[in-house]
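There are 2 protein chains.
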Amino acid sequence: MTGVAAAADWAWAEIIAVGSELLVPPRVDTNSIFISDALNAIGIQVRAKAIVGDRRGDLAAVFREALARTPLVILCGGLGPTDDDLTRDAVADVLGLPLEEHAGVLERIRQRFAHRARPMPDVNRRQALVPRGAVVIPNEQGTAPGLWIERAQQIVILLPGPPGELKPMFSRIAEDRLAVLAGAERVYRRTLRLCGRTESEVEQVAFPIYSAWMTGPVPIETTVLTAPAQIELHLTVRSASEPAAAARLDAAVAQLRVELGDDVFSVDGRPLEVVVGEGLRRKGWRVAAAESCTGGLLSSRLTDVPGSSDYVVANAVCYSNESKTSWLGVPPATIADHGAVSEPVAMAMAEGIRRRTGVEIGVGVTGIAGPTGGSESKPVGTVAVAVVTADARVVRTYRFPGGRLRVKQFASQMALDMIRRVVDGCEVSGAFVVRPSQELRG
Amino acid sequence: MTGVAAAADWAWAEIIAVGSELLVPPRVDTNSIFISDALNAIGIQVRAKAIVGDRRGDLAAVFREALARTPLVILCGGLGPTDDDLTRDAVADVLGLPLEEHAGVLERIRQRFAHRARPMPDVNRRQALVPRGAVVIPNEQGTAPGLWIERAQQIVILLPGPPGELKPMFSRIAEDRLAVLAGAERVYRRTLRLCGRTESEVEQVAFPIYSAWMTGPVPIETTVLTAPAQIELHLTVRSASEPAAAARLDAAVAQLRVELGDDVFSVDGRPLEVVVGEGLRRKGWRVAAAESCTGGLLSSRLTDVPGSSDYVVANAVCYSNESKTSWLGVPPATIADHGAVSEPVAMAMAEGIRRRTGVEIGVGVTGIAGPTGGSESKPVGTVAVAVVTADARVVRTYRFPGGRLRVKQFASQMALDMIRRVVDGCEVSGAFVVRPSQELRG
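Chain order of the listed sequences is A and B.
For the first sequence, my numbering gives the first residue as 1, with consecutive numbering after it.
For the second sequence, my numbering gives the first residue as 1, with consecutive numbering after it.
Just so you know, these hints were derived from the structure itself, not from any lab.
If you're wondering where the values come from, they're calculated on a predicted model, not measured in any experiment.
A few of these clues could be false.
The list cannot tell twin chains apart, which means a pair is met if one copy fits it or any two copies do.
Listed below are the simulated SDA-like cross-link pairs for lysine to any residue, each with C-alpha atoms no more than 25 Å apart in a straight line [to be verified]:
1) K167 <-> A251
2) K283 <-> E322
3) K283 <-> S377
4) K167 <-> E199
5) K283 <-> T334
6) K167 <-> R27
7) K167 <-> R406
8) K167 <-> L67
9) K283 <-> R257
10) K167 <-> T198
11) K167 <-> V180
12) K167 <-> P25
13) K167 <-> T389
14) K167 <-> Q409
15) K167 <-> S20
16) K167 <-> S200
17) K167 <-> P401
18) K283 <-> G373
19) K283 <-> N321
20) K167 <-> T30
21) K167 <-> I33
Produce the complete structure using the sequences and hints provided.
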């Protein structure tokens, strides 16, 4: 690190992703999200991001503009061997540095090809070109090295585009080279996840709280993200003191927990299925699910958790009425009297799977995922969920918005949440529940 | 449309997404992907994209630069009522247009609040400010209208940030206003999906073919996207003639099908589970799955398809050895002799679920998803899949890369693909299959 570079203000960075293919749907630039996260962790914020195609003029213009604003500019992609790969040329141009063949890099590329018993194509020679004075950052996963260029008060970093090469390389750069520059300030985060309220219900309670946090000596920024039957609150603090940041965030999290109560299921980003697994382990319980409309999604989420074979024995997906009867012992009369989508059938499914498997907690889910099968009294999105243990019998009918896949997501989430609440002995939430005035019949 | 605007070259656009929250992970700017897709459909390509935070200077600079390069600039976000919402100010500034309160817009905002029996907060008045001469585009879903600004040879479009407001508004703009400007050229796409080869195997076959397409009067651009056990080839053509584009793409697709054979499962973007469902319907067959390591994911994917209740009867997730025996009739001796992850057990699971449900085609999946449970002879990622019908008994052992969730994805995909091939009577592919030299034992 030169003294010049160390004297600059490294609180801000810009990211430029290079590649025409990144501008065509359905491609998403995931590299810049990874880089932003790694930068935030060491206290550097991203001021702007750009994606440019493989046009030298555009790339040079966007790079020049970023340099004019921001001390740290990170470019990813466009370091391949072909004519389309223009990043090193454009950067050398703008910085006024000649490109020189780097003997060490060339040798490494040759060795990579030799290792796979192939001659190095002549085009790959381009990848050994390095702007004069640049530091070469070895690429363990590919041929194009990264480049680190320092000039007065600025640093420019060039990274290869393939995520498998970029990610380990940038993690090393952030840790070894950028963290020392970035100074003492770091970004600290907490992620609260909750289930059992709608977004507007959460906003109503939480907004007055977190808008008060936005001022003061250690302001907290809050971002809200939603998924089916899940609200995430991301709390972010910048601070030079880890204890101060932690204390601030802990107090904030505690305040939200008081207001939001049992609906908060994790304060460290753990997904619901992991929280459910931990609850089951604490109790020494095993679970079994009988699913109709979720079609296996609930089972799949339960088993997404490493080690879940300790508490998942067997689950049944019973789509047909006949299989509900023959596998789970749901009485045909219950189906005939109440319909396959009904609280009595959900309850009989939960009881049946619990009895069949001998587990402590049984779950039943039956509903109408759509797009067909809905009726006026039971429209698409109507789902009954039941949880049964030795002591508890809980059943609710929900109405979820959205199409087939969203209804499956919602239903699996509310079923997991019902398991969590029964395991923890807390009250089952009323969000999305069909109100008495809309009582389902027939 | 003015004559001036119509005379410009509307082949290119730039997109600027505004909002500091978009620069903080895990947020992704999905608006620009939607806009790119809509633009591509009417023949307009995206030259560059930028994401800038809520800083007026940065926004003005990025907007100015885009204007200098590109005739059509689309900004999204930053039209809200608060001080952070700077897009209309920055744009008016750069274009040298005064902001004026628009009586019609103000009235509409007032009505929206009145409709919900709430007084309009004074801050919302800002949303009625319009750069002089701008065309107001009504927002059916929110308070901030869109704005369409024409100046010499250029068009600037301002869109509200919430996707639920932006998407319908931009779809209308693209269809009503941009399509006529864009001229006759359109972008046409085909998506080939295949399963049963690795990415490098596909590249080896397909690259010489599609690199030849890149020249000629109607060049085809090809993008490769990969997912677990799935390769997607996106073929894109720009043409003023739909029949010419269709003929070119049809010929290209046909050529790839010849080279890639049965591995191509769809040429119109249909996912594998949909193709499997169609195959089952053609045969009049029903399917049942017995899953261990995939934990319900295969069942969930089968039932992601609308109408799948016609051919999915019931599926079983048997995690424990005991449930494999009691539910599926897998002989304990088979498990003891070969291990729970073995071809004989996969076969017995497929036979068991087929017998239990009386369906035409039974599937069994057993494997080691990890992170624990692997051994030297059966490392994490080892999965046995079996498919049984009245006439066919197929079983393969695969070894998949990646962690628990990727192994589940790979295994569910290869199981679906095995169903497809057995239903269609074509050969089962050898990709990811453990070679005889690595034969699994014990």
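The hints, checked one at a time:
In the homo-oligomer, the alpha carbons of K167 and A251 never lie at most 25 Å apart, since the shortest distance is 34 Å inside one protomer and 39 Å across protomers. With identical chains, the CA atoms of K283 and E322 are at most 25 Å apart between copies only, with a shortest distance of 22 Å across copies and 34 Å within one. For the homomeric pair K283 and S377, neither the shortest alpha-carbon distance inside one copy (39 Å) nor that between copies (35 Å) is at most 25 Å. Taking CA atoms no more than 25 Å apart as the test, K167 paired with E199 passes between copies only; the shortest distance there is 20 Å, against 34 Å inside one copy.
In the homo-oligomer, the alpha carbons of K283 and T334 never lie at most 25 Å apart, since the shortest distance is 32 Å inside one protomer and 33 Å across protomers. Taking the shortest Cα distances, K167 and R27 sit within 25 Å of each other both inside one copy (18 Å) and across copies (18 Å). Taking the shortest alpha-carbon separations for K167 and R406, only the inter-copy value of 18 Å comes in at or below 25 Å, while the best intra-copy value is 32 Å. For the homomeric pair K167 and L67, the shortest alpha-carbon distance inside one copy (23 Å) is at most 25 Å, but the shortest distance between copies (33 Å) is not.
In the homo-oligomer, the alpha carbons of K283 and R257 lie at most 25 Å apart inside one protomer (23 Å), although the nearest pairing across protomers, at 55 Å, exceeds that limit. With identical chains, the CA atoms of K167 and T198 are at most 25 Å apart between copies only, with a shortest distance of 22 Å across copies and 36 Å within one. In this assembly of identical chains, K167 and V180 lie within 25 Å of each other by CA distance solely inside one copy; the values are 19 Å within and 43 Å between copies. Proximity of K167 to P25 under the C-alpha cut-off of 25 Å is found in both arrangements, the shortest distances being 22 Å within a copy and 15 Å between copies.
For the identical chains of this complex, K167 and T389 are neighbours neither inside a copy (46 Å) nor across copies (45 Å), given an alpha-carbon limit of 25 Å. With identical chains, the CA atoms of K167 and Q409 are at most 25 Å apart between copies only, with a shortest distance of 22 Å across copies and 30 Å within one. When the C-alpha separation of K167 and S20 is checked against a cutoff of 25 Å, the pair qualifies both within a copy, at 21 Å, and between copies, at 23 Å. Proximity of K167 and S200 under a CA criterion of 25 Å is satisfied inter-copy only: 21 Å between copies versus 37 Å inside one chain copy.
Proximity of K167 to P401 under the C-alpha cut-off of 25 Å is restricted to the inter-copy arrangement: shortest distance 18 Å between copies versus 37 Å within a copy. Taking the shortest Cα distances, K283 and G373 sit within 25 Å of each other only across copies (24 Å), while inside one copy they are farther apart (39 Å). Taking the shortest alpha-carbon separations for K283 and N321, only the inter-copy value of 23 Å comes in at or below 25 Å, while the best intra-copy value is 33 Å. For the homomeric pair K167 and T30, the shortest alpha-carbon distances inside one copy (10 Å) and between copies (22 Å) are both at most 25 Å.
With identical chains, the CA atoms of K167 and I33 are at most 25 Å apart both within one copy (11 Å) and between copies (23 Å).
When each numbered hint is compared with the structure, violations occur for hints 1, 3, 5, 13.
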